[in-house]
Amino acid sequence: MTNNSIPEWMLQLFSNVDSKNTDGFVQFFTPDGYFRFGNNAPATGQAEVFQAVTGFFEMIDGIQHDFRQAYKAGDAEILEGYVTYTKTGGQVLDPIPFCCVFEMRGEKIFGYRIYVDAAPLFAA
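Quick note on numbering: my numbering labels position 88 of the sequence shown as 88, and the sequence is numbered without any gaps.
The set of hints was computed from the structure by calculation and includes no laboratory data.
Take the hints with a grain of salt, since some may be wrong.
What the hints assert, rightly or not - Calculated lysine-lysine pairs in the DSBU-like style (CA-CA distance at most 30 Å, straight line):
| hint | residue 1 | residue 2 |
| --- | --- | --- |
| 1 | Lys87 | Lys20 |
| 2 | Lys72 | Lys108 |
| 3 | Lys108 | Lys20 |
Said to hold, decoys possible - Pair ranges (Cβ atoms, derived):
| hint | residue 1 | residue 2 | range |
| --- | --- | --- | --- |
| 4 | Gly106 | Ile60 | 28 to 34 Å |
| 5 | Asp23 | Ile114 | 17 to 23 Å |
| 6 | Glu80 | Glu107 | 17 to 23 Å |
| 7 | Pro120 | Asp75 | 30 to 36 Å |
Virtual Cβ for every residue (Gly too), placed ideally from N, Cα, C.
Model the full assembly from the supplied sequences, consistent with the hints where possible.
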């Protein structure tokens with residue numbers, strides 16, 4: 001699928017993710033917004049989101065997203081695709097399917113939940 005069907009704000013958000021730009025990433029959130037990666041506890045508020053994402057970015061050498069489809073349902077937006085992680089040391093993993101659910105407040109993210117099997121990233 002081309003990026004033509006993906007909302008521009010999502011493309012900008014993931015440009016920040018794929019360049020590991022935590023400052024740019026956090027700017028998409030409401031001040032009281034939350035971010036939850038898989039079954040980890042949510043990070044709530046921009047400062048906690050910043051800290052959580054910075055910690056994650058420090059654990060990897062790289063990240064790249066390939067989008068498949070975006071959906072909208074009321075104030076929620078959903079994105080499906082594949083993510084390719086580069087582990088510390090340079091090992092590039094096979095693409096892993098992901099799904100993100102965004103709860104929006106106007107143009108800002110209030111809630112961001114990532115559903116992905118990150119086990120390969122943490123395997124020895």
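Give me the numbers of the hints this structure contradicts, sorted from smallest to largest. Hints that this structure does not satisfy do not exist here, as all of them hold.
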